[in-house]
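Number of protein chains: 2
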Amino acid sequence: MRINIPETEQKRIVIVGGGFAGLTLAKSLRRSNYLVVLVDKNNYHQFQPLFYQVATAGLEPSSIVYPLRKMFQKNKNTFIRVTEVQKIEPELNRVITPFGILNYDYLVLAHGADTNYFGNKKIEKNVIPMKSVSEALALRNILFADFENALTSDDLSEKGAYLNIVIVGGGATGVEVAGALAEMRKQVIPKDYPELDGASIGIHLIQGADCLLSGMSTEASTAALKFLEGLGVEVQLNARVIDYDGEHLALQDGSSIAAKKVIWAAGISGNFIEGLPKNSITGGNRLKVNEFNQVLNLENIFAIGDIASMQSETYPYGHPQVAQVAMQQAKNLSVNFKNKLNDKGPVPFIYKDLGTMATIGRKKAVCDLGFWKFQGTFAWLVWLFVHLLQLIGFKNKLFVFLNWVWNYMFYDQSLRLIIKPKNQKRANDIAKRERQSSPR
Amino acid sequence: MRINIPETEQKRIVIVGGGFAGLTLAKSLRRSNYLVVLVDKNNYHQFQPLFYQVATAGLEPSSIVYPLRKMFQKNKNTFIRVTEVQKIEPELNRVITPFGILNYDYLVLAHGADTNYFGNKKIEKNVIPMKSVSEALALRNILFADFENALTSDDLSEKGAYLNIVIVGGGATGVEVAGALAEMRKQVIPKDYPELDGASIGIHLIQGADCLLSGMSTEASTAALKFLEGLGVEVQLNARVIDYDGEHLALQDGSSIAAKKVIWAAGISGNFIEGLPKNSITGGNRLKVNEFNQVLNLENIFAIGDIASMQSETYPYGHPQVAQVAMQQAKNLSVNFKNKLNDKGPVPFIYKDLGTMATIGRKKAVCDLGFWKFQGTFAWLVWLFVHLLQLIGFKNKLFVFLNWVWNYMFYDQSLRLIIKPKNQKRANDIAKRERQSSPR
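One line per chain: the protein sequences are P and X, in this order. Heads up: the first sequence at position 149 corresponds to 150 in this note's numbering, and the numbers run straight through without jumps. Heads up: the second sequence at position 181 corresponds to 182 in this note's numbering, and the numbers run straight through without jumps.
The following block holds chain P by itself, in its conformation from the complex:
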């Protein structure tokens, strides 16, 4: 069965993934003379930089995601299909989904990366990842369920294990979630859980490298460490996790931490789709692309964003896997698609690094903007402003802004809710039944 998309005279571009890369490309092609099919397994775009605020009850999921259909309401050449690409058949110019076959003239792979467990199945089974808004929400539920569990336990060591939180990975995600948890321990716990002693909640951040935020400047790394330690986070540098059984986290130096939850932000690995030649896959499970984002030896297949690895002298292992690269590659590729229609040649991609920032807590952030490096309150305001502007949709901006003002004034993330999807099993069953009956 074919997925029904109108056949037109326009060439068809199929984009896999509605993240920063795929979405930016689809938006840039809105008024072009192509037919664009955007395929994502979710019906929304997620704003990854704020996942940690969903996990720590500062924001609602709906404030940081945006329905894909709403974004393209006025575009007759854009079609959304909410499904998964299971296989690529390059020789037939088509992809396979559970809903059927989808043909393309050009295929753009922007299906990104997911949590990397470095092949350790036991760790994968027991830790909590944070690479999607649903995972962030699941983490929130576990967090608050554990406070309740600690409250009713009268075994001191068990109580401690419920309260301890370990974060593995000292990149932006790890630093931001550790900071937000430390703020919560300070502001929220004494009010909501007067029966718990805030000091008994251990927050541990485990980093493999010799500094935090290793992509950023020394000033930023140093300030981040100072801010976190000021908030009472126990940071261990040069530390490596070797195992985690759900109760004890074992480190390479022989020490161990008793904790019933470990947040895993230690790295990412490209998502795999079957069907591409093996030699196109390079380090980090990424796809080797040339300077036009063409996948190695494949004329009409492109890769952009986290999944693409464009290796050069400056970036021997490809560009950093961040939103900026994704969006800039998408814009460059859209120019090249438009050039094609005008018989112009493609323009090679050149990355313009606009800077990096991370927030640690209230009035505590670090910014590297070119030569301009600054930390503290002003950096925090810049961080808030930049992230607010980048959110899609006026309503999201408004609601996130109101939430931030609220949290700032009342020291009170108010979304401490354990909303378990009671009926989710049934919902999944129903969805599954439909999926199975669909492709005949």
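These are calculated hints, taken from the structure and not from any lab test. The model shown is predicted, which means the values in this text are computed figures rather than measured ones. Hints are supplied without guarantee of correctness; some may be wrong.
[Claimed, not checked] In silico EDC-like cross-links for lysine to aspartate or glutamate, where the CA-CA straight-line distance does not exceed 16 Å:
hint: 1; chain 1: X; residue 1: Lys71; chain 2: P; residue 2: Glu196
hint: 2; chain 1: P; residue 1: Lys123; chain 2: P; residue 2: Asp244
hint: 3; chain 1: P; residue 1: Lys77; chain 2: X; residue 2: Glu196
hint: 4; chain 1: P; residue 1: Lys122; chain 2: P; residue 2: Asp246
Take the given structure of chain P and dock chain X to it, following the hints.
Positioned in the frame of chain P, the structure of chain X alone reads:
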């Protein structure tokens, strides 16, 4: 193991359930000389009258629920325990939970009612209930997943089955969800799903009685029917469902409707907790109480709200199972608890009916306030105002208000998100592991 709650000289009141009844009672006892333990399986209170707006993507779950702990932050005599009561042992004055044993001097049962499937397991398995915010959220996910499914199906009858929606039950819930779905079909579908024909989405409301909203006035019932038919809802009165296999809904008159989803709002039945004498349970699985809400023959056990059945001449089958009765019974019981401390006798409960209202859609609602009955735009404004006021918390009021203004201005419920809890299985596993290890 005992649940650790400080032992004081105060008598201990254990309240089971943080719905309208239990929460109102706990709040009324905040400054009393009792130690109050509020037990609920969720860590939040849910505002049931707006579930249907969560299900139809008009509001976020977080806007209509409120964390219990936040409500009692300043009360040293109130303790929250997030767990389930599995058994009552009246002769030992204690209840059993997965976290351990909890003693009481007085027990107040306010554990409410859940969906009634009238003993039909097949219906229970296949329909979608709407008695909790999680169920409402699951319904939202199914709704939008089915639009996506319909889009990719090229079998006309299958497509129709994905699009058809049947609502069983013509009470307030059924009427309100049918109306909201019809508004969505009119305003949202043409914009978000231009490939779908709005007219192909059938909305069927099946009611067993000979009118809608059977508790309300004839004026209200008639207006509700007119409003719904005006919105294109196919209402069937005097119709009974006899079976549903997930694909076809069979009615008693021999007809059937092909629909992959059926929303079940046909009735409720009291939640059962083991341990009470059999003769205390009466019609609708409710607990027989006297005019002081004392459960039959049990001196120190009380029942209030949906679970209580106080039978009188005016109410031979007990009071209607609505929020007003619950809150008034809670207030009366709190007075009686306080009287006890002052050696005063108890005051019998007398229900003061303040009126009933239901909304069908934009500018379409019905209100019966005593002799004053009115329908239409003004009724709708009264409905909005009353529900806004009743929400707990200024922030919830503000966010719901902003959402309503937004939806009113832009004809656009903006929360059309299928957020599946990808990691929920793991979250459940983790929570389960903790629960099991907890009670030794």
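To see whether the hints hold, each was checked on the structure:
no.: 1; hint: X/Lys71 with P/Glu196; in the structure: holds (14 Å)
no.: 2; hint: P/Lys123 with P/Asp244; in the structure: holds (7 Å)
no.: 3; hint: P/Lys77 with X/Glu196; in the structure: holds (10 Å)
no.: 4; hint: P/Lys122 with P/Asp246; in the structure: holds (10 Å)
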